[in-house]
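Asks: If you read the sequences in order, they're chains S and X. For the first sequence, counting from 1, position 287 maps to 287 in the working numbering; every step adds exactly one. Position in the second sequence counted from 1, then plus 1000, gives you the working numbering.
It cannot be assumed that every hint is accurate.
[What the hints assert, rightly or not] According to the in silico footprint, chain X covers these stretches of chain S (three or more CB under 8 Å from chain X):
{"id": "1", "segment": "50–57"}
{"id": "2", "segment": "203–212"}
{"id": "3", "segment": "247–259"}
[To be verified] Among chain S residues calculated to face chain X with C-beta under 7 Å, some are:
{"id": "4", "residue": "H123"}
{"id": "5", "residue": "R125"}
{"id": "6", "residue": "D126"}
{"id": "7", "residue": "Y152"}
{"id": "8", "residue": "E154"}
{"id": "9", "residue": "V218"}
{"id": "10", "residue": "H221"}
{"id": "11", "residue": "I224"}
These are calculated hints, taken from the structure and not from any lab test. Ideal placement from N, C-alpha and C gives every residue a C-beta, glycine not left out.
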Amino acid sequence: MSEPKPNTNAPSRRAFLAAGGLATCGLAATALARRAFLPTAKVFIAKNQRYDGPLATTIRDGLTACGLTPTQFRGKRVLLKPNMVEPTRLIPHMTTHPAVIIAAAEVFRGWGAKVTVGEAPGHVRDTEMALVESGVAEALSDARLDFADLNYEEARWFANRGRVSPLKGIYFPRSICEADFVVSIPKMKTHHWVGITCSMKNLYGTLPGIKYGWPKNVLHHNGIPETVVDINATLPRTLSIVDGIDCMEGDGPILGSVKRMGLVLVGTNLPAVDATAARIMSLRPDRVSYLQLAADRLGPIAEDRITQRGERWQDLVSPFQILDQPHLTPLRADGELVS
Amino acid sequence: MNINRTCIERLRRTDRCGYSAHGVWAAEPTALACLALMHSGEHAAAQNFSTQLADVQLSDGAVPTQAEGDSPSWTTSLAILAWLAIDGFEENIDRAIAWTLQAHGKTIPRNSEIGHDTTLLGWSWAANTHAWMEPTCMFVVALKAAGMRDHERTQDGLKLVTDRLLSTGGCNFGSTVVLGQATLPQVQSTGLAMLALAGEVNTDPRVQLSLRYLEENLNPHTTTGSLCYGLIGLTAHNRRPRNADALVQAALERELTREPSAYKLALMALASSPDLSWLPQRPEVAQA
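Bound-form chain X, shown alone (with noise of 0.2 Å):
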């Protein structure tokens, strides 16, 4: 089984995407299935998608993660990633970093009892909330991806993915130490670190520690979002492991077992990728 294929084959009969079968509408699968099918040359279908998270775009360029209103807009990252991917959407593209600039996480005066950086800018999942690893990684990449990588943002924000590495390799939400105490990390918001890293001259040894723990944890029963956004993150850093193939034909084995939603179908996709090819990449812009 072609698992770039069935997953393409599949997004491709879809008209809407959700993080389940029969979910709601939901901006993240449409921004990644976008982006599956821009890397599989299926053009049609990835400019519906783009048109729908067009749809959706906010008068101040925000785009919300549901298509109805008062929703968070950390999917704005997101979008703009699939928008850079196909031609048209300019404009679009121009709102969503405008609005990307000035939004940012809450910060808090450091104390003893949070380990990290609590006055790293960064970005938040929802409005006036601290900044979280995560969303910061989508802003970083979606940023990077625009030619924006020497924005002061850009930077902020990859100095608290760093910050937000545990010392033993790894991340999680983006909490490292809690009252003295170290937290656990996550393989999905690692890959994600990893990807937003990708490329930095960064010597910190944690990234080193980061990558091994990925390399550590990938194996045939990692879930299917986890597993491909630990590949993804490999990949990155030219770390993609022999089995990467083997492990995502797995997880897509154990998808078809249930309705596989247009959600994992596009990770799939993107993860069963060799390279990055599939992520945009804009010629750098001067920064001012």
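One chain only, chain S, in its complex shape (with noise of 0.2 Å):
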């Protein structure tokens, strides 16, 4: 057997350091190429917030700040949905408080749009009870708003454009189909399931209970991470107002402690504000559930990706306490833990 003949075709030294080099810069050029295309959003906070304080222009200036310009709302219906999702006047801490959301009908208003409150309240089948015990009621009653009972109105199905979950279609209410900007206006809570809910989760209240049931079983079973992602994917344009100023933290989003921040965010992009929402509340957005599931499919986690207006976030944090559980665990940053 002959010895094989040296490749003559084999690149010398030179030719391969050369082309390792091309590929190094290929590969960095694809990889840059990449980040270029991968979302960035701007994430407003304000600080020292009160319920009786001048919201509307804080609103106002974090849609503003946020890119968003009066003329885009002219003529535009505006469907407002706070978290009122097991209201009882004893934790006034759980639900978007009244003036939040009156503060963000005005700057809607002023803008020229046709604002209309929603809510399909998940535990509780009286709606007007739910309006009654968080104080909303009375706020849209004096404020002359309309309020949508997205638990009992005719829906319309939609294929499921997050297909994250086995879910082929989500239905949505008529008020929500026919809006053209769905403003999510949650409390920043704790959740003892799934560390936190901010804006995405919060939207699990467009869901119709007439289908879903009281709770929204048929979410639960699909996965709550999943079903949140898909919803979200799903909803026509959405924005984020939270209600950061009486929070709660521990056993929420019904149980826990009120925790007082003095915060609102505002942002066009959901995962964004929740990303930067679980920062303030000392917990890891890379292991919340759904938002490792929507990070660049709806939106950034990332920190870099994501540019602050307002207050810087990292001057605000301030460790929610959240239940010693096991799946609870790891999202701490540095929160301290209730037992």
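Mind docking these for me? Both chains are given alone in their own frames, and the hints should help you get the complex.
Replies: Printed below as a string of structure tokens:
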């Protein structure tokens, strides 16, 4: 057997190094190109906020800082979606404060939009009770704002654009279907199953109980993080205004304790807003299941792709207590536990 | 103002029952309106609504919440009640009961995170999901009215209803303790639970605590749906408050300042009754 001849076509060391350099450059360029196409977003944060303060000014500033202009809303239908999951007067920090809803309505009305407030309370069939207990009924009446009971409206089926859960499609109530903008107005809270509930999870309350039940158990059985992403992917254009003034820590979203933060967050990209809220709460957004799934699919959650407007989140971090449960402890960046 | 007459007059002029004055047709308000109208001797109007329910009944016997397809069918329970109250729907009732007996909630192995017994069947809001308090109560009430109190599904349902009562009284949508924390009671679901448990020998102290919870939480500011279910629950246990009529009167006056829905008109008519004579009752059927 003769020895194998040297491969004269083999590249020289110099050529190899040159090719390697080109390949490295190519990879780097590809990575840069990919990165250039990854989503970015702006999130506005205001501190020292009070329910009896000039919230409309704050919200207007926030929306403007995130690149929105009044002309975008002229003649448009805006649906404000607060959080009224299971209201009781005994726990006012469970639900979105009426002052934030009314201030948001004032801004969008001032910009020429037709504003409706809508909610499909997740745990109670008596929506009127949810409105009264949360204080929202009286506030809406004073402000002459219409309310849409999303639990019982006629619903239309839409193909699931997220396709993360097994759901083929999602029913949305008429008021959601007709809205040009759905504005999530959540309370900033911990959540005993998924760690944090904010803008994205709040939109569970856009789905009608008449189709999904009380609780909306169809969603739970198809995966909470997966269906959070699917709902957000399938809705019309969404914005976020977070009531981070009196928040909830510990056993949220219903039975936790009040945590006073004095914050309002505003953004046009909900994963970015929620990731920022998580950082302020000292939770790791990259470990929150639905934010992991939403990352780069629906928006950025990485810090370096979220442009901060207003206050810096780093200056506002105040760890929220979370339950000492194995499914929650990995979310802690620096949070205290509560047992 | 006569509460019942006011509600019935308005229901009689309605041809489509929804959850809001201009809302889409829905089975629950239609069935409740049918019961209220029959109780007031308005046979023709009740017949009309019973026929509407029959028109949407599916081939498998289920009656969906709304007229369009692919809706959940917990409202089959209420359709059974409506049809039991009026002659001529025996075949619909039989098919609805057959569907009811094969429908059930999805059980889950017991775990330390959830306080209630997740292995009890009961009934769910939607297919392939866990059983919850209100749909289970509605099916229990319907099966008892159909003379099937002793059926094993009814008895299992009653077990679930008792299991889901909170230790301090009352119940919510059907969770008792989650991750070690007791949940909060709600008036509407507690009222319905008390209706389901009416007539049962049940020495569980949570039943009495739940009745007391209702008594302490019905007042002139209680919203209409919760108030009506709360009163019906108390009435079912002969604990109807002395100011019951005044409470419904206040609710009706509030409702008349806006356009009342058929749903709330029917509930107020039923809650204004001093007894449960509006609830149909077939003789007990011997169970094999």
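Asks: Taking a Cβ-to-Cβ distance below 8 Å as contact, does the segment 50–57 of chain S have at least three residues touching chain X?
Replies: violated (count 0)
Asks: Holds or violated: the hint that V218/S contacts chain X, with Cβ atoms closer than 7 Å.
Replies: Status holds, d = 5 Å.
Asks: Does the CB of D126/S sit less than 7 Å away from some CB of chain X?
Replies: holds, 4 Å
Asks: Restraint: H123/S near chain X, CB-CB cut 7 Å. Satisfied or not?
Replies: OK, holds: H123/S within 7 Å of chain X, min 5 Å.
Asks: Can R125/S be said to touch chain X, with a Cβ gap under 7 Å?
Replies: holds, 6 Å
Asks: Was the hint right that Y152/S lines chain X, CB cutoff 7 Å?
Replies: Check passed: Cβ of Y152/S comes within 4 Å of chain X, closer than 7 Å.
Asks: Under 7 Å is the threshold here; is the Cβ of H221/S close enough to any Cβ of chain X for the hint to stand?
Replies: holds, 5 Å
Asks: In terms of beta carbon proximity below 8 Å, does the segment 247–259 of chain S have 3 or more residues touching chain X?
Replies: holds (count 3)
Asks: Do three or more residues of the segment 203–212 of chain S come closer than 8 Å to chain X, measuring C-beta to C-beta?
Replies: That given contact holds, which follows from 4 residues of the segment 203–212 of chain S lying within Cβ reach (below 8 Å) of chain X.
Asks: Taking 7 Å as the limit, does the beta-carbon of E154/S come near enough to a beta-carbon in chain X?
Replies: holds, 4 Å
Asks: Once the shortest beta carbon distance from I224/S to chain X is found, is it less than 7 Å?
Replies: With a minimum Cβ separation of about 13 Å from chain X (threshold 7 Å), the hint on I224/S is violated.
Of the hints listed earlier, those the structure fails to meet are numbers 1 and 11, in rising order.
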